[in-house]
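There are 2 protein chains.
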Amino acid sequence: MEQLTRRAQTANSLLCVGLDPVGENVEAQLQRVVAETAEYAAGFKPNLAFFLARPDGVALLQRLREWIPQGVPMILDGKFGDIANTAERYAAFAYDVIGADGVTVNPYMGEDAILPFARPGKAVFVLAKTSNKPVHSWQDQELVKGGTVSDFSADVVQTLTHEHPGLGLVVGATNPAALGHLRQRCPELWFLVPGVGAQGGDLAATVQAGCRQSDGLGVLINTSRALWQAAEPGAAARDLTFQINALRAERLSATI
Amino acid sequence: MEQLTRRAQTANSLLCVGLDPVGENVEAQLQRVVAETAEYAAGFKPNLAFFLARPDGVALLQRLREWIPQGVPMILDGKFGDIANTAERYAAFAYDVIGADGVTVNPYMGEDAILPFARPGKAVFVLAKTSNKPVHSWQDQELVKGGTVSDFSADVVQTLTHEHPGLGLVVGATNPAALGHLRQRCPELWFLVPGVGAQGGDLAATVQAGCRQSDGLGVLINTSRALWQAAEPGAAARDLTFQINALRAERLSATI
Chain A
2 MEQLTRRAQT ANSLLCVGLD PVGENVEAQL QRVVAETAEY AAGFKPNLAF FLARPDGVAL
62 LQRLREWIPQ GVPMILDGKF GDIANTAERY AAFAYDVIGA DGVTVNPYMG EDAILPFARP
122 GKAVFVLAKT SNKPVHSWQD QELVKGGTVS DFSADVVQTL THEHPGLGLV VGATNPAALG
182 HLRQRCPELW FLVPGVGAQG GDLAATVQAG CRQSDGLGVL INTSRALWQA AEPGAAARDL
242 TFQINALRAE RLSATI
Chain B
2 MEQLTRRAQT ANSLLCVGLD PVGENVEAQL QRVVAETAEY AAGFKPNLAF FLARPDGVAL
62 LQRLREWIPQ GVPMILDGKF GDIANTAERY AAFAYDVIGA DGVTVNPYMG EDAILPFARP
122 GKAVFVLAKT SNKPVHSWQD QELVKGGTVS DFSADVVQTL THEHPGLGLV VGATNPAALG
182 HLRQRCPELW FLVPGVGAQG GDLAATVQAG CRQSDGLGVL INTSRALWQA AEPGAAARDL
242 TFQINALRAE RLSATI
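Chains as they are written, first to last, in this note's numbering: chain A, 2 to 257; chain B, 2 to 257.
None of these hints come from the bench; they were simulated from the model. Please note that the accuracy of each hint is not assured.
All copies of an identical chain are treated as equivalent in the list; a pair is satisfied when it fits inside any one copy or across any two copies.
To be verified - The list that follows gives simulated cross-link-like pairs (lysine to aspartate or glutamate, DMTMM-like), each with its CA atoms no further than 25 angstroms apart:
#	residue 1	residue 2
1	K146	E251
2	K146	E189
3	K146	E25
4	K134	E89
5	K134	D156
6	K146	D203
7	K134	E164
8	K134	D57
9	K134	D21
10	K146	D156
11	K134	D203
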């Protein structure tokens, strides 16, 4: 997470630019969004599904890697989740074939599914509480030993960080109470936070509930559609970054 | 699941040929394993990770689709798990780009992550109890409302099958007691059962615990490495099918 922290400080930004390419002229639009938003991006998060659904998806991901400037982390959002020898193949895909700096991982199959991604220098965001609201929620199930399944995800990842400091959590912006709860539970972990914007998550509540007390960092706030569809993606990214930073400043002064 | 049931009856087989391509001459070996084992295969299960880790992985999956004979289901083992609009992209990848007849799906993100795959005529195997044995097990967590997380997976999928009959479960062979338990809980669902062979699952216990009482079908027993590494994959598949069928016959006669 060092690269991410350094980048967030250098760019003075917690904005993650999500890349879910749809529509026409995808390649030109990807290049444009990356070029215009890079200055404000703490990271880029291409969503694997949107690339695989295209005929040239893997090659396009590789070209995307080239367009993202050195020093700006690229997190491949694959929600990978499989046992050890298979997880190693996914890690080889994400890191060696694509050149990503981090991934998202699904913990349903246990730490076998997580640790093969925890290479030195790589950021691994494990799903804890996601931004959707299913009728049948696995994550909200209450456990006999206390807490919910998403709390269990957070607790295990917290434990694993003692040996694997590159681990963090995915926590959706659509439920600020849950975000605040997990921040209390894991005061120092980096959270990747999707769900602001199109999915309805509130930016102020996200900053308030998600930022670390210690340094005002620790959340990577992802926006995809709002930037992809913006008439001027660069201006939209700048505005979002300014909004986030104003909210961070407010929160810091309130803390003092 | 109709195509699968028909194929299992026609071929008189519950064998699923897992394709996790490793080593040299992968393309020739894939062609050989498919050609030699097709006669005995109730289905083929390529593992997405092993293809993505190769430079030409997606194109190779598309060629694999062509080599698998009509009528033999191809289940793309991608353990997909993402929210609705993203899951639709993965479904487009699996069904439209690759031409798979079914997939494996991870339920951590709720039914949003499952239902976009439930197109008519497609088989969707949802992870319930997998074959690995992690230290930190999400699946074995006991719920306040009773049962474990894997029981919850089984119960939700069972409920969803009323409207989506193409759903089944992934249940590992390495824990026959858990397999029998889930069979009791879901008497009629199809189970995709990995873990026989290299991972240590016992064939006799799998047939005993997994086959449906009603018709002796309902389990798709996956073997990957034992066939891939066999000197004669066809002979190995035939032997396995005969063994499975002998065990099914034993079980049926014991029931009578």
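Outcome of the hint check:
When the C-alpha separation of K146 and E251 is checked against a cutoff of 25 angstroms, the pair qualifies neither within a copy, at 38 angstroms, nor between copies, at 42 angstroms. Only within a single protomer do K146 and E189 lie at most 25 angstroms apart by alpha-carbon distance; the minimum there is 24 angstroms, versus 32 angstroms between protomers. Neither within a single protomer nor between protomers do K146 and E25 lie at most 25 angstroms apart by alpha-carbon distance, with minima of 50 angstroms and 48 angstroms respectively. Only between protomers do K134 and E89 lie at most 25 angstroms apart by alpha-carbon distance; the minimum there is 17 angstroms, versus 31 angstroms within a single protomer.
Proximity of K134 to D156 under the C-alpha cut-off of 25 angstroms is found in both arrangements, the shortest distances being 22 angstroms within a copy and 19 angstroms between copies. Taking identical chains as interchangeable, the C-alpha atoms of K146 and D203 are never at most 25 angstroms apart, the minima being 32 angstroms within one chain and 32 angstroms between chains. Proximity of K134 to E164 under the C-alpha cut-off of 25 angstroms is restricted to the inter-copy arrangement: shortest distance 20 angstroms between copies versus 33 angstroms within a copy. In the homo-oligomer, the alpha carbons of K134 and D57 never lie at most 25 angstroms apart, since the shortest distance is 32 angstroms inside one protomer and 37 angstroms across protomers.
In this assembly of identical chains, K134 and D21 lie within 25 angstroms of each other by CA distance solely inside one copy; the values are 20 angstroms within and 34 angstroms between copies. Taking CA atoms no more than 25 angstroms apart as the test, K146 paired with D156 passes in both settings, with 12 angstroms inside one copy and 21 angstroms between copies. Taking the shortest alpha-carbon separations for K134 and D203, only the intra-copy value of 15 angstroms comes in at or below 25 angstroms, while the best inter-copy value is 39 angstroms.
Of the numbered hints listed earlier, those contradicted by the structure are 1, 3, 6 and 8.
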